[in-house]
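Chemist: Each chain, letter by letter, is given below.
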Amino acid sequence: MRHFLLFFLVVSLTASARASGTVRVVAKDPSGTPVADAVAYVLAIDAPAPVRPPADPVAIIQKDQEFLPYVTAVVVGTRVSFPNKDTVQHHVYSVSPAKKFEIPLYIGESSATILFDHPGPVTLGCNIHDWMVAYIYVLATPYFAKTGTDGAADITGLPPGRYRLELWHPRLAAKVGREITIEGTADSTQVVSVTLRPDRRIRRAPDSEGLGYK
Amino acid sequence: MLRPTKGRFGAVALALSLLPGAWADGPYVSDTARVSWEDNVTNASAGNGVLGAFSFGAGTTLSWLHSGGFSTLILSDLSADFTVCTSYRGLSNIEVGPRLEVRHKLGLGAFAPSLYAGIDGKATGFQDPEQSKIEGAFIFGYSQRLSEAFQVQLDGRLGSYDAQDIVFTGNYASLAGALNWDLDETWRIRVTGGWRAGDTVSNYTAVMSPYGWIPIESDALNLPGAWHYVRTFDAPFVAYRVSARTWSYGISVSPAIGRHTSLTLEVKRVETVGAAPYLDTVVSLSVAHRY
Ligand SMILES: [Cu+2]
Numbered sequence: 012m013r014h015f016l017l018f019f020l021v022v023s024l025t026a027s028a029r030a031s032g033t034v035r036v037v038a039k040d041p042s043g044t045p046v047a048d049a050v051a052y053v054l055a056i057d058a059p060a061p062v063r064p065p066a067d068p069v070a071i072i073q074k075d076q077e078f079l080p081y082v083t084a085v086v087v088g089t090r091v092s093f094p095n096k097d098t099v100q101h102h103v104y105s106v107s108p109a110k111k112f113e114i115p116l117y118i119g120e121s122s123a124t125i126l127f128d129h130p131g132p133v134t135l136g137c138n139i140h141d142w143m144v145a146y147i148y149v150l151a152t153p154y155f156a157k158t159g160t161d162g163a164a165d166i167t168g169l170p171p172g173r174y175r176l177e178l179w180h181p182r183l184a185a186k187v188g189r190e191i192t193i194e195g196t197a198d199s200t201q202v203v204s205v206t207l208r209p210d211r212r213i214r215r216a217p218d219s220e221g222l223g224y225k
Numbered sequence: 005m006l007r008p009t010k011g012r013f014g015a016v017a018l019a020l021s022l023l024p025g026a027w028a029d030g031p032y033v034s035d036t037a038r039v040s041w042e043d044n045v046t047n048a049s050a051g052n053g054v055l056g057a058f059s060f061g062a063g064t065t066l067s068w069l070h071s072g073g074f075s076t077l078i079l080s081d082l083s084a085d086f087t088v089c090t091s092y093r094g095l096s097n098i099e100v101g102p103r104l105e106v107r108h109k110l111g112l113g114a115f116a117p118s119l120y121a122g123i124d125g126k127a128t129g130f131q132d133p134e135q136s137k138i139e140g141a142f143i144f145g146y147s148q149r150l151s152e153a154f155q156v157q158l159d160g161r162l163g164s165y166d167a168q169d170i171v172f173t174g175n176y177a178s179l180a181g182a183l184n185w186d187l188d189e190t191w192r193i194r195v196t197g198g199w200r201a202g203d204t205v206s207n208y209t210a211v212m213s214p215y216g217w218i219p220i221e222s223d224a225l226n227l228p229g230a231w232h233y234v235r236t237f238d239a240p241f242v243a244y245r246v247s248a249r250t251w252s253y254g255i256s257v258s259p260a261i262g263r264h265t266s267l268t269l270e271v272k273r274v275e276t277v278g279a280a281p282y283l284d285t286v287v288s289l290s291v292a293h294r295y
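Residue numbers (the numbering used here), protein chains in the order written: chain R, 12 to 225; chain S, 5 to 295.
By construction, these hints were calculated from the structure, which means they are not laboratory data.
Since the model is a prediction, treat every value here as computed from it, not as a measurement.
Check the hints yourself; a few may be wrong.
[To be verified] Cβ-Cβ distance ranges computed for the label pairs, FRET-style:
#	chain 1	residue 1	chain 2	residue 2	range
1	S	L183	R	G43	38 to 46 Å
2	R	P209	S	L183	38 to 46 Å
3	S	F74	R	T160	48 to 56 Å
4	R	T160	S	T190	17 to 25 Å
5	R	A184	S	A121	38 to 46 Å
6	R	P209	S	L179	18 to 26 Å
7	S	T265	R	L79	32 to 40 Å
8	S	T64	R	P61	56 to 64 Å
Every residue, glycine too, gets a C-beta built ideally from N, C-alpha and C.
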């Protein structure tokens, strides 16, 4: 009987460790339009969830004098490379508190990879092409996903427990977050309403100098 | 009064244009095309032969870029441009010239101010050959974005040009300022102001006298500087080289057409004060494309 109880305990513990849920986060603005490029993430409340950065660097490319992708979410400790696929040189930099760096003018694959070792948003720019902009959101949780054009992001592999669901976007006007509970393998959908600031970017089109005076 | 053109700027121009390819990255190509109407192409005082002229033109610039480290760029350009004046063929010209510029950004980011200094060379061949000239200038400037919407620019030049005829030869200093106001990523309004001091050429209607062709304004004979009879315009004219100060101000509206092209409609007013004052208004429509 004792052995049976022990066996039952072990089996149920293993099952609960394996049981994981998925949260589908749907980001919409107040008019109901899906919000793409938002980073949805959950922070474990009961027990901290360690992050494991990927072995290979994550790439953010430069093509046609723009960064691709526009938003990248990584965990603390991730290395990011910035391959230049243009025939034009770029000078990639950040002056954000979470990571300040610059890779002076280069073309092709830069040998430099940058370690993102603090959580928070990082704004990327090119010191030559002022209109170039992209964002890296560095997370201290392994549970995150980026919304697509349908505004949806699936955060998978969540063990049962209580979490704080938060959302980040480059134009987020006010912080959004709520507490959620994952029970067993049940999937849930969380619709989050986000208010965005206007998308104001630097004009890229060239100048026409007009005619000089004589 | 025809003089041989000096080769000093030509030599510099040639050296600069050979320089880029070996040590820099490029060329990056940008093109422009324009049509314009100028209501006083003769730069004449009121009543002394004011003529308007229509012209069109196009140009291309090849740029090479080299990193100088410490947020410093070395830019070398080679430009070629032509202008066809449909009203007075003598004003039609082709222009070619190099430019070498050191550009330094004081810090990182779109809002960091940038400074530049350099030299600009230009050889211009006019259909009216006595106006053909070689020009060299020291250039310097400053630009800064104040926000996504506003940018200020300041450009200065100290130039000297040497023409086939001494009337069209001279020196000048100029300063030009501009404020760009981008209403959004498409629409730009640009306000410009400029000052120039130095030699200019004014053309006065000529009348035949017992002493030959003289300007219709007899006081013009007392102007300091060189003058002579020209055939540039349909009627007889006398061209003067005068020292003058010029103020200009302009406004333009420029919609972007995609990410590589823009269209610009500009109105510019030029007021010249000095011994031979004149007013001039230039209306131009241009297109700029950067590959
Ligand atoms: Cu760039």
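Chemist: Give a verdict on every hint.
Modeler: Now for the hints, and whether the structure bears them out:
1. Against the hinted window of 38 to 46 Å, the Cβ-Cβ separation of S/L183 and R/G43 comes to about 40 Å, which satisfies the hint.
2. One distance hint, 38 to 46 Å for the beta-carbon pair R/P209 and S/L183, is violated here, with the actual separation near 22 Å.
3. For S/F74 and R/T160, the hinted distance range of 48 to 56 Å is not satisfied, since their beta carbons lie about 41 Å from each other.
4. The supplied range of 17 to 25 Å is met by R/T160 and S/T190, whose beta-carbon atoms lie about 23 Å from each other.
5. Between R/A184 and S/A121, the C-beta spacing of about 43 Å keeps the proposed range 38 to 46 Å intact.
6. Look at R/P209 against S/L179: about 36 Å separates their beta carbons, and that is not inside 18 to 26 Å.
7. Range check, S/T265 to R/L79: about 22 Å between beta-carbon atoms, so the 32 to 40 Å window is missed.
8. Taking 56 to 64 Å as the suggested C-beta distance range, the pair S/T64 and R/P61 conforms, at roughly 58 Å.
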